[in-house]
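A.B. asks: If you want the building blocks of each chain, they are given just below.
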Amino acid sequence: MVSSLARVRGRLLAGSRGRVLNGILLILIAAALVLVATRAIALGPAYFIQIVVYGLADGSIYALIALGYTMVYGIVELINFAHGDVFTLGGFVSLWLIPIFGLEEAKSVGPGIIIPLVAILVISMLVCGVVNVAIERVAYRPLRHAPRLAPLITAVGMSFVLEGLMFLWRGPFNLHYPNLLPADSISLGGSASIAYKDIAVIVIALGLMTALSLFVERSKLGKAMRATAQDRDAAGLMGIDINRTIAATFFIGALLAGAGGMIYGLYFTSIAFDLGFSAGLYAFTAAVFGGIGNIQGAAIGGLLIGIVRVIVDGYFDSAWTDVVVFALLVLVLVFRPTGIMGMRVPEK
Amino acid sequence: MQRRWLSTTTIAIAVALVAAACGGGGTGATTTGPAATTAAAATTAAPAAEIIIASDLPTSGADASSGLPTQNGAAFAVSQTPTYKGIKITFKPFDDTVNGVHDPQKGAQNVQQMLSDPKVLAMVGPFNSNVARAEIPIANQGQLAMMSPSNTNECLTQLFPYCDPKPAALRPTGKNNYFRIAAPDTVQGPAMADYVIKTLKLTKVAVFSDNETFGKGVADNFVKRLTSTGGTLTNRQDFDMKTTSDFKAFINAAKAAGAQAIYAGATSATKACIVRSQMAGILDVPFTGPDGIGDDQCLKDAGANTANMYFTNAAGDAAQNPDAAATVAAFKVAYPKASDLGAYTFPAYDCALILVDAVKRAIDANGGKVPSRQQVIDAVQATSGLKGTVGTYAFDANGDPKSATMAFWFTKGTPAVWTFQSQFSVQ
Amino acid sequence: MTVLRRIWETDPRKDPNPLVYALLAITAVAYPIWAQASTGGQGDFLISFLADGGVYVLLAIGLNVVVGFAGLLDLGYAAFFAIGAYTYAFLASDHLVVTPLQEAVHLPFWIVLFIGLFVAAAFGIVLGAPTLRLRGDYLAIVTLGFGEIVPRVFRNLGVWTSGVNGISALDKPQLPLWIQGPWSGDQLEVVQNFKIIQPLGFYVIMVLLVGACIVLVNNLRISRIGRAWMAVREDEVAAAAMGVNTVRVKLLTFAIGAAFSGFAGAFYGAKLSLVSPENFGFSVSITILVMIVLGGMGNIPGVIAGAILIYVVIFGLLGALPPLAEEWATSLGLGSLVAPNGDWPGIAQEVQRLRFLIFGLILVLTMLLRPQGLIPSRVRQQELTKGVNEDQTIEDVNAEAAT
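Protein chains in written order, with our numbering: chain A, 1 to 348; chain B, 1 to 427; chain C, 1 to 403.
In short, the hints are calculated from the structure, not lab data. Backbone N, C-alpha and C define an ideal beta-carbon position, used for all residues, glycine too. Be aware that one or more of the hints could be misleading.
Just some of the chain A residues that point at chain B, by a computed CB distance under 10 Å [as the list claims (entries may be wrong)]:
| id | residue |
| --- | --- |
| 1 | G55 |
| 2 | A106 |
| 3 | G110 |
| 4 | F160 |
| 5 | F173 |
| 6 | H176 |
| 7 | E217 |
| 8 | S219 |
| 9 | G306 |
Could you put the whole structure together from the sequences, leaning on the hints where they help?
C.D. replies: Structure representation (structure tokens):
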């Protein structure tokens with residue numbers, strides 16, 4: 001009853017005023033594009049292509065983390081602040097495994113490194129998955145019926161705990177991550193080129209994301225997840241094991257974050273224990289961009305943030321990059337309150 | 001009903017605990033001094049009097065990468081002189097981070113706590129210029145000597161028209177109590193600009209900074225000198241290092257603008273040398289920076305791309321000083337972990353060394369008794385020709401090091417090591 | 001007298017608030033005396049420590065209006081704190097000389113306190129306006145964005161704000177007239193333009209500010225607007241249907257909530273004499289949120305207790321832990337742990353490294369043990385125990401039926 005009232009009210013609001021707002025949004029977008037275009041023309045197309053490639057690679061990493069945020073939010077309506085630190089954990093675990101698997105910077109080259117790298121990737125992902133499920137069991141599940149903000153605070157607490165553990169493990173410094181991916185690149189015409197590294201990052205990230213969305217759409221567990229996200233109680237009544245489904249969601253989200261951590265390390269050749277804080281903040285922003293709860297939206301949001309960042313970095317002043325990204329976030333929500341991809345959030 | 005009553009009692013106890021804890025936070029720390037003394041007294045016949053040299057550094061969370069190794073240096077230096085003329089000299093570290101970020105408010109509280117303990121006669125720190133601005137006025141009123149290993153902001157000690165606040169505004173008593181051993185930004189940045197233009201014979205430079213007080217200040221001064229002596233700034237970026245790790249757009253822009261060198265207004269703790277690592281395969285030009293990049297961490301971060309890197313060091317060549325080598329070796333025995341040693345470990349060691357030296361002279365001057373805080377300040381001011389691990393020290397009336405030497409270092413060999421190249425004196 | 005009688009006659013089992021208020025008042029008075037007595041007259045730093053903590057109490061009271069009363073989650077509250085502090089920095093220092101204005105402004109602390117209030121409130125409306133269409137967590141995210149933007153704008157507009165260097169050497173509060181005497185260790189005389197620099201002076205100002213804010217916020221809570229907050233929190237659509245102007249209520253909420261941080265910012269600037277953009281980040285917003293949730297959202301004494309508790313833990317206890325650990329180890333006969341030995345860095349340093357972990361565990365454990373907060377509001381407590389909360393499930397009903 002209440003929710004249908006709200007929907008009617010929302011539709012009324014979206015009427016004439018919505019059209020005006022959308023008009024303003026279009027004008028703002030056009031102005032921003034013109035501004036970027038004038039700078040881009042001055043610096044030439046090769047440079048533009050080059051930085052967009054970087055933006056896509058950065059963005060795919062954000063997208064990987066954002067998926068976990070969006071899935072967890074969709075199902076338990078919790079902003080899981082510890083998720084960014086699970087991402088860092090993926091980097092740390094894989095960094096620890098690399099020498100164990102006998103890989104060394106500048107010595108291990110060629111296709112022979114693919115198998116150990118995949119093995120490391122899988123193990124790091126699984127470790128992150130198990131850790132995240134444990135966090136859910138210990139810190140979130142007991143609070144499922146507590147006041148809404150209580151799990152938010154335990155999430156912050158778990159974030160500190162994870163950071164504290166990684167701090168103890170490897171200390172406060174930036175850790176050098178072996179540069180194992182080939183440095184060669186393919187020319188894209190002019191001075192622009194795409195490195196194998198960039199391709200690897202984008203392909204792995206997109207592959208994992210496609211696998212995930214297929215899983216959620218096709219598999220039985222995926223169906224259970226969607227059902228639980230829509231109405232937990234009804235799903236429970238239909239015989240879905242709610243606890244198992246939620247745990248699975250945390251597990252899958254952490255798999256992707258763990259993969260993201262390792263890819264980040266390989267791509268940027270450096271990780272630090274407190275990386276998750278800002279990476280998580282950006283990924284979360286990406287999830288909101290795409291309409292939180294929406295898996296494809298999160299992926300697109302991540303890529304978009306990556307591109308916006310490099311454009312500000314590359315054409316304007318990077319001191320303002322974060323301001324632009326967050327201002328964009330505010331604007332997107334003001335004009336399209338459910339994200340660029342839109343998603344009907346159940347009114348509760 | 002029974003349970004309710006229990007829970008209210010819990011609340012009452014909790015509130016009482018809050019009240020108790022309000023003091024617990026502080027008193028716990030204050031009682032440590034005497035407690036430690038009695039503990040020591042049990043084993044050795046400890047002397048009655050005690051002098052504490054405190055430190056205030058960011059030692060937890062993300063900032064710990066700057067603060068912890070620095071604290072190790074100071075602690076080690078103080079531990080070299082456990083007693084002097086029967087007076088015990090001990091070290092007491094304070095941490096000025098809140099949630100892992102240096103916090104001027106916490107720093108100010110730490111200094112107030114030091115002042116409340118009459119045994120504290122001097123402090124090493126702070127690490128960050130902003131914390132210094134909050135602490136100097138408080139320490140000034142309590143006549144506590146401060147000795148910073150890393151503050152380089154020129155306005156902390158010298159008066160320029162653009163300075164706000166003016167150095168005098170930070171010193172309510174009108175007397176100076178603040179000293180530092182690092183050369184101000186107005187020395188280090190321009191020195192590298194001259195070096196790039198005159199020695200490396202390069203004129204087009206791309207500059208980036210970490211947008212923090214030290215990095216941005218030194219980069220600004222580099223650019224000022226570069227453009228006033230015929231060089232060109234190709235492009236400039238101030239990164240928010242906490243949220244970004246991707247510098248490739250900047251590197252490509254530098255390449256497109258024809259940059260012949262890069263200047264990093266940053267430290268290895270703020271990702272300076274990760275930029276170097278990402279330059280691989282895109283832009284192969286010399287990489288220059290301030291003393292903040294002159295450590296092993298930087299070489300590790302740079303990965304395989306370590307050739308052609310240069311930094312300025314406010315101190316002379318430490319390797320020429322055989323005493324320094326012995327000290328470094330002894331330090332590595334006491335602190336074996338690689339992460340115990342950072343760019344500011346030995347500057348902090350020197351700070352503590354200067355303070356211990358001043359305390360000793362003040363004890364002498366005071367007839368073998370514990371001196372007053374002002375006497376320690378006077379003794380620090382009178383320091384002359386004291387040889388530390390990374391420099392030889394004397395101070396001018398502002399608290400700046402007198403006649404600092406500026407040295408240039410570069411990377412050599414594989415695996416690369418920082419190597420001394422040349423030095424000159426600045427007034 | 002009637003107040004005392006009310007405290008006495010209220011059963012703390014039913015309503016702990018009067019008792020908590022009484023305890024807070026007693027603590028506020030007794031604390032400085034205890035501080036000086038327990039340290040032999042060297043207690044200034046303890047008094048100063050709690051005066052700093054009062055800033056967080058003010059911030060928690062303000063955020064509680066937005067989150068606790070009106071149910072609008074705000075993840076960027078530190079932005080208003082920054083705005084308040086910078087307002088003080090601009091209006092009470094020499095700083096504007098080095099900006100394009102080239103003219104210093106020195107307004108008295110007491111006036112800037114209220115200017116800060118109005119400036120912060122104005123920004124509250126600026127932020128509130130675009131969020132009116134948003135609900136629930138989307139609102140939280142917009143506030144988060146705002147909280148990230150504001151400190152960066154202060155940092156990047158270097159011409160006006162000195163950028164990362166921040167603004168320092170701010171004015172101290174002054175009293176036009178003051179009588180000095182033997183009690184402060186001076187000769188008896190009347191001083192004009194008395195500068196407050198002693199921690200006790202700041203402590204008294206803070207206690208008065210907090211007291212005034214408590215009265216203010218309590219009156220607001222039981223006023224028409226307070227009832228509107230509650231209505232909006234429980235069900236926005238129903239509230240609108242009952243004639244509550246939700247747009248106006250939400251805007252007022254943001255404005256009033258922000259106003260308290262204007263107070264806090266001005267006091268912070270005056271006491272510390274420095275504002276810099278690094279110290280108003282996301283972690284500050286989260287810390288304040290932790291304070292109110294842990295204390296008991298929606299209940300003012302709970303929020304105050306939570307703020308003081310978390311402040312003491314973060315600023316005092318965590319910093320004092322390493323030497324404490326050393327002391328405990330020695331007294332427990334584990335003296336060998338104190339000195340560094342091989343890979344073991346010594347207990348003090350080890351505990352220092354554990355700080356993040358310890359704070360995280362404190363947060364998790366307190367929330368698990370007491371999810372409603374230390375001193376929850378009575379309404380919320382009933383919601384929880386009577387099972388009328390929105391997320392009620394079959395299990396809950398079964399569990400209730402069983403008891």
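A.B. asks: Grab the minimum C-beta distance from F160(A) to chain B and call the hint holds if it beats 10 Å, violated otherwise.
C.D. replies: holds (8 Å)
A.B. asks: So, F173(A) near chain B? Judge it on the closest CB pair being under 10 Å.
C.D. replies: This interface hint holds because 5 Å falls under the 10 Å limit.
A.B. asks: Does the CB of A106(A) sit less than 10 Å away from some CB of chain B?
C.D. replies: Hint on A106(A): holds, closest Cβ of chain B at ~6 Å, below 10 Å.
A.B. asks: Does G110(A) pass the interface check with chain B, least Cβ-Cβ distance below 10 Å?
C.D. replies: violated (17 Å)
A.B. asks: Taking 10 Å as the limit, does the beta-carbon of H176(A) come near enough to a beta-carbon in chain B?
C.D. replies: holds (4 Å)
A.B. asks: Holds or violated: the hint that S219(A) contacts chain B, with Cβ atoms closer than 10 Å.
C.D. replies: This interface hint is violated because 35 Å lies over the 10 Å limit.
A.B. asks: Taking the least C-beta to C-beta distance, is G306(A) closer than 10 Å to chain B?
C.D. replies: holds (9 Å)
A.B. asks: Does E217(A) pass the interface check with chain B, least Cβ-Cβ distance below 10 Å?
C.D. replies: At 32 Å from the nearest chain B Cβ, E217(A) fails the 10 Å test, so the hint is violated.
A.B. asks: Take the shortest C-beta to C-beta distance between G55(A) and chain B; is it under 10 Å?
C.D. replies: holds (8 Å)
The structure shown violates the earlier hints numbered 3, 7 and 8.
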